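Engineer: Here's the letter readout for the chains.
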Amino acid sequence: MSGSMIDASSWGAALVRISPYTFSAIGIAISIGVSVLGAAWGIYITGSSLIGAAIEAPRITSKNLISVIFCEAVAIYGVIVAIILQTKLESVPTSKMYDAESLRAGYAIFASGIIVGFANLVCGLCVGIIGSSCALSDAQNSTLFVKILVIEIFGSALGLFGVIVGIIMSAQATWPTK
Amino acid sequence: MYGFEALTFNIHSGYLEAIVRGHRAGLLTTADYNNLCQCENLDDIKMHLSATKYGPYLQNEPSPLHTTTIVEKCTLKLVDDYKHMICQATEPMSTFLEYIRYGHMIDNVVLIVTGTLHERDVQELIEKCHPLGMFDSIATLAVAQNMRELYRLVLVDTPLAPYFSECLTSEDLDDMNIEIMRNTLYKAYLEDFYKFCQKLGGATSEIMSDLLAFEADRRAVNITINSIGTELTREDRKKLYSNFGLLYPYGHEELAICEDIDQVRGVMEKYPPYQAIFSKMSYGESQMLDKAFYEEEVRRLCLAFEQQFHYGVFFAYMRLREQEIRNLMWISECVAQNQKSRIHDSVVYMF
Chain C
1 MSGSMIDASS WGAALVRISP YTFSAIGIAI SIGVSVLGAA WGIYITGSSL
51 IGAAIEAPRI TSKNLISVIF CEAVAIYGVI VAIILQTKLE SVPTSKMYDA
101 ESLRAGYAIF ASGIIVGFAN LVCGLCVGII GSSCALSDAQ NSTLFVKILV
151 IEIFGSALGL FGVIVGIIMS AQATWPTK
Chain F
1 MYGFEALTFN IHSGYLEAIV RGHRAGLLTT ADYNNLCQCE NLDDIKMHLS
51 ATKYGPYLQN EPSPLHTTTI VEKCTLKLVD DYKHMICQAT EPMSTFLEYI
101 RYGHMIDNVV LIVTGTLHER DVQELIEKCH PLGMFDSIAT LAVAQNMREL
151 YRLVLVDTPL APYFSECLTS EDLDDMNIEI MRNTLYKAYL EDFYKFCQKL
201 GGATSEIMSD LLAFEADRRA VNITINSIGT ELTREDRKKL YSNFGLLYPY
251 GHEELAICED IDQVRGVMEK YPPYQAIFSK MSYGESQMLD KAFYEEEVRR
301 LCLAFEQQFH YGVFFAYMRL REQEIRNLMW ISECVAQNQK SRIHDSVVYM
351 F
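Protein chains in written order, with UniProt numbering: chain C, 1 to 178; chain F, 1 to 351.
To be clear, the hints were calculated from the coordinates, so they are not data collected in a lab.
All values derive from a computational prediction rather than experimental measurement.
The beta carbon of each residue, even a glycine, is placed where N, CA and C say it ideally should be.
Treat each hint with caution, since some may be false.
[Claimed, not checked] Simulated restraints, written as ranges between beta carbons of each label pair:
#1 C/Arg59 <-> F/Leu7: 25 to 31 Å
#2 C/Arg59 <-> F/Met288: 41 to 47 Å
#3 C/Lys178 <-> F/Leu7: 57 to 63 Å
#4 F/Cys87 <-> C/Gln86: 33 to 39 Å
#5 F/Ser209 <-> C/Thr87: 55 to 61 Å
#6 F/Glu61 <-> C/Arg59: 30 to 36 Å
#7 F/Glu61 <-> C/Thr61: 31 to 37 Å
#8 C/Arg59 <-> F/Phe351: 16 to 22 Å
#9 C/Ile55 <-> F/Glu61: 39 to 45 Å
#10 C/Thr61 <-> F/Gln275: 27 to 33 Å
#11 F/Asp157 <-> C/Arg59: 29 to 35 Å
#12 C/Thr61 <-> F/Asn243: 29 to 35 Å
#13 C/Leu15 <-> F/Glu191: 27 to 33 Å
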């Protein structure tokens, strides 16, 4: 039984008695939920500016959809990682549910979900704000588009970092064998 | 929170900001002004303007054109842009856009009251009013005999009502009183607008505070110069200055006791931002002061567009359009009267 080094009536004991499946489920939920929040936030920020700017300068519409696509990619990262994480969930017998191994697997999935979720949140925001400025600048001066796109590409790399670390983290999620 | 407007500004105002930036791209450039300055008559001006955003507004006008027609139609474009924006706006932006109109309302009120004093016909005066400053009961202004009646009959229902608390007297209206009334109303309006912008916070308050402070300081200098040699006492003059801005409070103390333009120059040269304006004029010359102030204002308004996600761009766009219409009026008048050598005296180039 785990918790032998922790005093039975402390908060630490309460933490290790929470089921690792709770942590896993929350991790998976955060990975998809918060990623989609970031993507949606980015899309509306860039979309509203794009629509308004396209009235006076209709030529910018097709090119500037790239910003929206970058934001959407962020949501797709979240979906992919959520699917990967849920394949890592396995059942363990009740006697082993609070073993150190099980807890480690639960925490790994939780951490992976948080990493991916919040990295995608800020990535979506970043790409959205830059996309909005890109649409407005492109409407005034079309030579600026490619240069601002480079900034957006760097911004969308942030989400990719989160996905990479999240997937490496989830590889740690090995439940104890029966 | 300052610095994080980008996260939530576009929810309500992203579309309108993009539209106003599109309008800004349609403002006349130096090349357009050069073309216009080389026109021989008003029909040439109409032809050049038909290639700009004013085209649809001028194309149905029959020749011979008058300068007042050109100015009227161009103002219509400004009004249409404004109405489109205010239809789409939500709070607090709709209040912000309403504030932009109050200055024109004050000008219209003073126009009608002065015109009535000089026995002009009310309908004729209403046609001369600025369309952005119209309100429903404006024709009733001709009936009022003194300020208390003015307030009680007409203005208490308009948005200008709170600005009247300082100038309710029962004196009859005459030219001097009306000018003082105009300046008192405008002072109250500027202070109210300033407080509103402070309350909005963030980038809006920073940019608008700078623009409104410049406006307040410019009005203080103009009031001082216009009241030199009149019977306006020093205390009365000081009461007309706004209570914010770079010149508040020490500059106002010094301006209140100025008796000629060189003293005004001496006061203003102590403030570095205004020193540059006054150094462009040689001693004793005050005609260029207006143009120098307009140029400085245009420079600051163009800078407002450098930042995104704030309301200052709307104010800046409206002001820049008004300046453009003033430029067009000057150019049309010079061309119509064959005085093209004086065109460059008063045209303020923007980009």
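Engineer: Would you mind marking each hint as holding or not holding in the structure?
Structural biologist: Hints, verified against the model:
1. C/Arg59 <-> F/Leu7: 25 to 31 Å: This hint holds: roughly 29 Å between Cβ atoms.
2. C/Arg59 <-> F/Met288: 41 to 47 Å: For C/Arg59 and F/Met288 the Cβ distance comes to about 42 Å; the hint holds.
3. C/Lys178 <-> F/Leu7: 57 to 63 Å: This hint is violated: roughly 49 Å between Cβ atoms.
4. F/Cys87 <-> C/Gln86: 33 to 39 Å: Violated, since F/Cys87 and C/Gln86 (Cβ atoms, about 48 Å apart) do not stay within the stated range.
5. F/Ser209 <-> C/Thr87: 55 to 61 Å: 57 Å, holds
6. F/Glu61 <-> C/Arg59: 30 to 36 Å: 31 Å Cβ-Cβ, so the 30 to 36 Å window holds.
7. F/Glu61 <-> C/Thr61: 31 to 37 Å: 34 Å, holds
8. C/Arg59 <-> F/Phe351: 16 to 22 Å: Because 21 Å falls inside the window, the suggested range holds.
9. C/Ile55 <-> F/Glu61: 39 to 45 Å: Roughly 26 Å apart at Cβ, these two residues miss the hinted range, so it is violated.
10. C/Thr61 <-> F/Gln275: 27 to 33 Å: 47 Å, violated
11. F/Asp157 <-> C/Arg59: 29 to 35 Å: 48 Å, violated
12. C/Thr61 <-> F/Asn243: 29 to 35 Å: 48 Å, violated
13. C/Leu15 <-> F/Glu191: 27 to 33 Å: Given range 27 to 33 Å: violated, Cβ gap about 57 Å.
The structure does not agree with the numbered hints 3, 4, 9, 10, 11, 12, 13 stated previously, though it agrees with the rest.
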